[in-house]
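Visitor: Chain by chain, the residues run as shown.
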Amino acid sequence: MNTTVKQSFADRKPTRGRLSEPVHSDCAGTQTPPEIALAPSKFADIYNEHSRAIYYLALRFLGDPQKAEDATHDVFLKAFRKMDSFRGESSWRTWLYRITINHCRNLQQSWNDRHMFSNADDAVWDNAPARTDSPLRVLETKELGQRIQKALDGLSDEYRLLLLLVADEQLSYEQVGVLTDQTPDAVRGKLHRARKAFAALFEKTA
Amino acid sequence: MKRQSKLTSRQSEQQQQHSNQQAEQHAALEFPTVEEMLRHDARHTPVPPSIAHRLQESIGPVQPRPWWRRLFGS
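Protein sequences, first through last, are from chains A and B.
Here my numbering is used: the first residue of the first sequence is 1, the next is one more, and so on.
Here my numbering is used: the first residue of the second sequence is 1, the next is one more, and so on.
Derived from the structure by calculation, the hints contain no laboratory data.
Glycine residues also receive a C-beta, built at the ideal position from the N, C-alpha and C atoms.
You may find that some hints are simply not true.
[Stated by the list, open to error] Only some residues are given here: those of chain A computed to face chain B with a beta carbon under 8 angstroms:
| id | residue |
| --- | --- |
| 1 | Ser-51 |
| 2 | Arg-52 |
| 3 | Tyr-56 |
| 4 | Glu-69 |
| 5 | Phe-76 |
| 6 | Met-83 |
| 7 | Phe-86 |
| 8 | Trp-111 |
| 9 | Leu-136 |
| 10 | Gly-145 |
| 11 | Ile-148 |
| 12 | Leu-163 |
| 13 | Leu-164 |
With the hints as constraints, model all of the structure from the sequences given.
Guide: Structural data, given as structure tokens:
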């Protein structure tokens, strides 16, 4: 699959990208120098490296495989068209996450406007007896995804997003803070409550 | 007698296989943190191949290189 994607995208040209100069990878979190030219095959590399993380975030944030598929497609299409505006001030992963978060929030917003939906009050779960220092056990591995989704669906968008971003080992608390417009300390504080809320909800899904 | 013992060993093999399958199905997973659980879930969540196909279609057909680029090799 990777080969197919790479070959197919390699023939395509970003809107205004230059083609001949070498490309520096910053997928591991290092910074790309500004004004760098983007070869078209670079897009295939980006897709192959980050599509899983982007799809997973969209899937668990939106809670719907079809919506997640559409969102992932739209995010990468947007990224392809805006590749030349990427200045290397963040990592590719962070840049793609930013696009994904905005896209998913817009989708959620339009859906919520139509359905007047609100998430469960997190204060309820903050006071729940669940312990975050005890391990989470699952008996049926095939049900894990469903249970995770149910538990995440019960959280506010903010807590859900925090947990999903922090679970990505490529992101630091600082980067999560930038993506969610808050300080790293605020991330740490909210993360503690988000874990607790998740654990309480997860227990209920058994 | 010999045939019977062969049958018995085959039966026990089958039972063993069956119990192994059941054990796999009911394999208990334990995660020390929520993040570990999410990472495990992410690793086992495949990206639908249709996304790459749709992207290829959306990005559009391959554009031929203009004649002056072919001529001057740029």
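Visitor: None of the hints should be skipped; say for each whether it holds.
Guide: Each hint, compared with the structure:
Hint status for Ser-51 of chain A: holds, given a least beta-carbon distance of 5 angstroms to chain B, under 8 angstroms. Hint on Arg-52 of chain A holds. Least Cβ distance to chain B is approximately 5 angstroms, under the 8 angstroms limit. A cut of 8 angstroms between beta carbons decides the hint on Tyr-56 of chain A: the least distance to chain B is about 4 angstroms, and the hint holds. Given hint, Glu-69 of chain A at the interface with chain B, holds; its Cβ is 5 angstroms from that chain's nearest Cβ, closer than 8 angstroms.
With a cut of 8 angstroms, the hint placing Phe-76 of chain A at the interface with chain B holds, because the nearest CB-to-CB distance is about 6 angstroms. The interface hint given for Met-83 of chain A is violated, since its Cβ lies 11 angstroms from the closest Cβ of chain B, which is over the 8 angstroms cut-off. For Phe-86 of chain A, the suggested interface contact is broken, since its CB lies about 17 angstroms from the closest CB of chain B, more than 8 angstroms. Among the interface hints, the one on Trp-111 of chain A is violated; its C-beta lies about 21 angstroms from the nearest C-beta in chain B, farther than the 8 angstroms criterion.
Interface restraint check: Leu-136 of chain A against chain B, minimum CB-CB distance 5 angstroms, threshold 8 angstroms, status holds. Below 8 angstroms, beta-carbon pairs count as interface contacts, and Gly-145 of chain A has one with chain B at about 6 angstroms; its hint therefore holds. For Ile-148 of chain A, the shortest C-beta to C-beta distance to chain B is roughly 5 angstroms, which falls under 8 angstroms, so the interface hint holds. Of the supplied interface hints, the one on Leu-163 of chain A holds, with its beta-carbon coming within about 6 angstroms of a beta-carbon of chain B, less than 8 angstroms.
This hint holds: Leu-164 of chain A has a C-beta 7 angstroms from the nearest C-beta of chain B, less than the 8 angstroms allowed.
Of the numbered hints given earlier, the model fails hints 6, 7, 8; all others are met.
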